[in-house]
Every structure is written in C-alpha cells, then in structure tokens.
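Number of protein chains: 2
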Amino acid sequence: MQRQTRTAPRKRPRQERSRATVDAILSATARVLVRHGYDDLTTNAVATAAGVSIGSLYQYFPNKTALVAALLDRHIEDMNAAVLAELTRVAQLPLAEASRCVVELTIRAHAVDPELHRVLTEQVPRVGKLARLRELDEICHRMVAGLLAARKDELAIRDPDLAAFVLVSTIEAIVHRAALLYPHRLRDPRLIDETTLLVTRYLGLAAN
Amino acid sequence: MQRQTRTAPRKRPRQERSRATVDAILSATARVLVRHGYDDLTTNAVATAAGVSIGSLYQYFPNKTALVAALLDRHIEDMNAAVLAELTRVAQLPLAEASRCVVELTIRAHAVDPELHRVLTEQVPRVGKLARLRELDEICHRMVAGLLAARKDELAIRDPDLAAFVLVSTIEAIVHRAALLYPHRLRDPRLIDETTLLVTRYLGLAAN
DNA sequence: TTAAAATGCGAGCGTTCGCTCACATTGTCT
DNA sequence: AGACAATGTGAGCGAACGCTCGCATTTTAA
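Heads up: the protein sequence lines correspond to chains A and B, in order. Quick note: the first sequence uses my numbering, first residue 1, plus one each step. Quick note: the second sequence uses my numbering, first residue 1, plus one each step.
Treat the hints as calculated values from the structure; they're not laboratory data. Some hints could be false.
Listed next, the in silico EDC-like pairs over lysine to aspartate or glutamate satisfying Cα-Cα at most 16 angstroms (straight line) [stated by the list, open to error]: (1) B:Lys129 - A:Asp73; (2) A:Lys64 - B:Asp39; (3) B:Lys64 - A:Asp40; (4) A:Lys129 - B:Glu122; (5) A:Lys129 - A:Asp73.
Here are some, though not all, of the chain B residues that point toward chain A, as calculated from beta-carbon distances under 8 angstroms [said to hold, decoys possible]: (6) Asp23; (7) Ser27; (8) Asp39; (9) Glu135; (10) Glu154; (11) Ala173; (12) Thr195; (13) Arg201; (14) Leu205.
Computed Cβ-Cβ distance ranges for the label pairs, DEER-style [what the hints assert, rightly or not]: (15) A:Ala156 - B:His184: 24 to 30 angstroms; (16) A:Ala111 - B:Ser56: 47 to 53 angstroms; (17) A:Arg14 - B:Gly55: 32 to 38 angstroms.
The structure presented is a predicted model; accordingly, all values stated were derived computationally and were not measured. Note that beta-carbon positions come from the ideal geometry of N, C-alpha and C, so glycine has one too.
Please construct the entire structure, taking both the sequences and the accompanying hints into account.
Here it is in structure tokens:
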C-alpha cells in the first residue's frame, strides 16, 4: 500500500510570530502545488517561496506529506463546514427548492480556488486522507437520507438510503466533472437547471 | 505544471523473446503499482518483479513515467473498446432497455481488475494522459448525444448535448464512486435498478 | 559458419531532495 | 538585567533511485 507517513503536525505555534510562519508555509505550499504539482514540490522550494528557512519548516511539519496533508485538511474543513451548514438550513425548504439550492451550493463550493481544489483532489490518496474524506461523505449521505426519509410520502422513492447515495454521487459528480474538464459549464445557468431537473424528476417532484 | 516527460516507448520489440519481456514488464508494473502505489514504485523493483534486468527495462521504456503511461494506455484502450462497441450495439434498442444496458455495461467495465483501475485512476493526471482520457470521454458524450437527438421526440429533454453531459457524468460517477468507496454496492442489483430509474425518469421514459 | 543485429545483463554513477543539527535571534517572565 | 523558552537559520549529510554503459548472450540471415 501507500507509504503511510505520520502526518500529524510536529509542534504547535505559540507566539504570533510563529503562527504567521506556519500560515506563510501553508500558502506557499498551495502556490507551489498549483504551479509545479506534487511531484515537483520540494520542501526547500516551499520554504523559499514562504520566505522562511527550511529549518523553520521542519519545526512545524515532520515531513513533506504532512505539509500537504495540513493544507488538505484546512481545505476540506473549510469546504465542508460551508456545505453542512447550508444543508441543514435547506432542509426546511420545499423539496423542489431545496434541490436547486443544493446544486447551486455544490457549484459554489467548487468555484473557490478551483485550481487548488483540483490538485488537492488528485493528491488525496497519496496523502492518506481518503478516510477523512469518506467520513465527510458519509455525513452528507446520511443528512440527505434523513431529509428524504422525513418526506418519503411526497416522493417517488422506495429506499431513501439508496436514493441518497444516487443523489449525492450524481450532484457531486456532475459539478466535479464540469469543474475539471469543462470549467465554462460551471458558469452556465443551464447546467444548474438541468441538474436540478434530473434531481426533481428522479424524486418525482417535477412539474413538467 | 507537471514534469511532462516524454512517455513514448523507446524501441519496439521485434522478436518474440522481447515481446514477452515487454509484457512481463507491464504486468509487473501493474502488480507493483497495486501493491506499493506509484510513489513506492521504482524501476528497479519493476525489473526485479518482472524477472528482467533493469537494463532491459530501459531498452523499451525511456523512464518511469513511460512505464505507467504504457500500462494506462493499454487499460484505457481495452476498457473503451468494449464500451464503444457495446454503445453502438445498444443504440438499436428501445430507450428504456438501452438505459439499463448502459448502466450494466458501465458496471461491468469497472469490475475488471478494479484494484488496478483504482490505482490508475488516481495516477492518471500525473502521467499526462488526461488528454487521451478526455478524448474518449468526448466520444462517449457525442455518441450519447447523437442517440438522444435521434429520438428527441420520445424524450422529455430540450438540449440533447446538455442531457448527454448530465447522463454520462451521472452514470460514470455513480459506478465509479461505488467501485471506489462502496465496492459491495457494485454487486447489489438494486443499484442497477435505481440508476436506471434515475436515467429513465430524467428522460421522461418511466412507466411508474 | 559466421557476421551482424537484437536482446539481455547489472554494477554503479550522478543527482536530487528530504531532513538534521549546531548555532543565532527574538520574545517572555521576574 | 538576566535567564530561559520560543523561534529562526541554512550548510550540508545521507539515502534513495532513475538511468547509463560496456559487455555477454541469443537470434537472424546469408
């Protein structure tokens, strides 16, 4: 399997000075990652780009993997906090409306620094964060399943769990694929319409 | 950007002996890749696993990247030949039936050496084969769009192109996600049913 | 049979890069 | 002011690994 290096941070910054250092290192990591890719990302390059010595870098990150893992963690948590909060809020709305909101939400989430998102997505398995990602996936999945189960009688579905799997996969995938392969489609409102249509027709909510 | 090494093979094997060598090298690459991941795949390890000297390996592959690229090429072409052929055949069937066939087909395609498929999927962008992948994607996309356009009057869709994008993304994604995260679902016939339902309801073909 | 081409071999060269360590500087506390 | 902790520095060590090259063996063809 993958070389599963320990990715926990080495030491937590106490003073303001060092917190700035850690921040500089992380943003430098992001820049180098986007410009050069993971393979050509060297710890020395990151240190230089951050305007920090290589020694300082190793005060806070035990190895190269931990560096990217930390960045990924931050990215995942940021992204997910937004999504989960919104998902909860949306649960109150009529289902047709909720569907559209979720689609829009997913698109918005992918539109924040898509380049970084792409690189990070590609590196997830190498950095050993698949588990965490799967965990969050599971949470989304269950929230949607709950939402569907609560309104089962308005819907044309039998198994809310299975339906949730299908829906979460679908929405995430359409947006993800659009973001990676056809970024212009993300700006196309018709993509939102069409994806929403897919969802509502599947759920048996469609007016037309 | 990525270190875009030349990935073209160095020399084509002429005799039977060398063809066997190249084959051994490629299957060894697959084995090592699955067992150790790309990062821990070394050319020396591949050579050893193939029962071939490192010198011989470099007779046919200019570098490590080319090795993985060749394997990936083979995998992509194999997978896609099957899919495209079947897609053509299915185009004759009634749409409801065709939908189910395509879903089943996609699942079958992912069930062939899923471990290798997973590793390769994760490694694709780093080997510079994204372009080829996108090309094949485009072909699928256009075939489906053509199929939808031809029977537009039976369907509840406006833009066959957009609908094709949505459908191809959807089916691929559900299967892909199931294969990577929840392999047991691939054996669950209800997944096929449910995905087919998603497709047919979206297209306005559903009986129920 | 024999020359040339194709193929196979593997010790080890050269480079890259992750990472340490001994020391310097800055901040905190009393 | 002095002492101790926190933080910052960067030359360079060591190991890993991609890849070459000179030579051995096998196959082809005349």
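Residue hint glutamate 135 of chain B, partner chain A, criterion CB-CB below 8 angstroms: This hint is violated: glutamate 135 of chain B lies away from chain A, its Cβ roughly 11 angstroms from the closest one there, beyond 8 angstroms.
Evaluation of the interface hint that places alanine 173 of chain B against chain A, nearest CB under 8 angstroms: holds (3 angstroms)
Restraint check, 8 angstroms cut-off on beta carbons, for leucine 205 of chain B near chain A: violated (10 angstroms)
Status of the given 24 to 30 angstroms range, CB of histidine 184 of chain B versus CB of alanine 156 of chain A: Hint holds: Cβ distance 26 angstroms, inside 24 to 30 angstroms.
Range hint compliance [Cβ, arginine 14 of chain A to glycine 55 of chain B, 32 to 38 angstroms]: violated (55 angstroms)
Interface hint status, glutamate 154 of chain B versus chain A (Cβ within 8 angstroms): Given a least distance of 15 angstroms, the restraint on glutamate 154 of chain B is violated.
Hint consistency between lysine 64 of chain A and aspartate 39 of chain B [alpha-carbon to alpha-carbon, up to 16 angstroms]: Holds, because 13 angstroms separates the two Cα atoms, which is no more than 16 angstroms.
Cut-off 8 angstroms, beta-carbon criterion: hint that aspartate 39 of chain B touches chain A: This hint holds: aspartate 39 of chain B lies near chain A, its Cβ roughly 6 angstroms from the closest one there, short of 8 angstroms.
Straight-line alpha-carbon gap lysine 129 of chain B to aspartate 73 of chain A, limit 16 angstroms: Cα-Cα ~28 angstroms, so violated.
Residue hint arginine 201 of chain B, partner chain A, criterion CB-CB below 8 angstroms: Cβ of arginine 201 of chain B sits 5 angstroms from chain A, so the hint holds.
Given hint aspartate 23 of chain B near chain A, where the shortest CB pair must fall under 8 angstroms: Constraint on aspartate 23 of chain B not satisfied, violated at 26 angstroms.
Hint status (Cβ of threonine 195 of chain B to nearest Cβ of chain A, threshold 8 angstroms): holds (6 angstroms)
In this structure, the earlier hints numbered 1, 6, 7, 9, 10, 14, 17 are contradicted, and the remaining ones agree with it.
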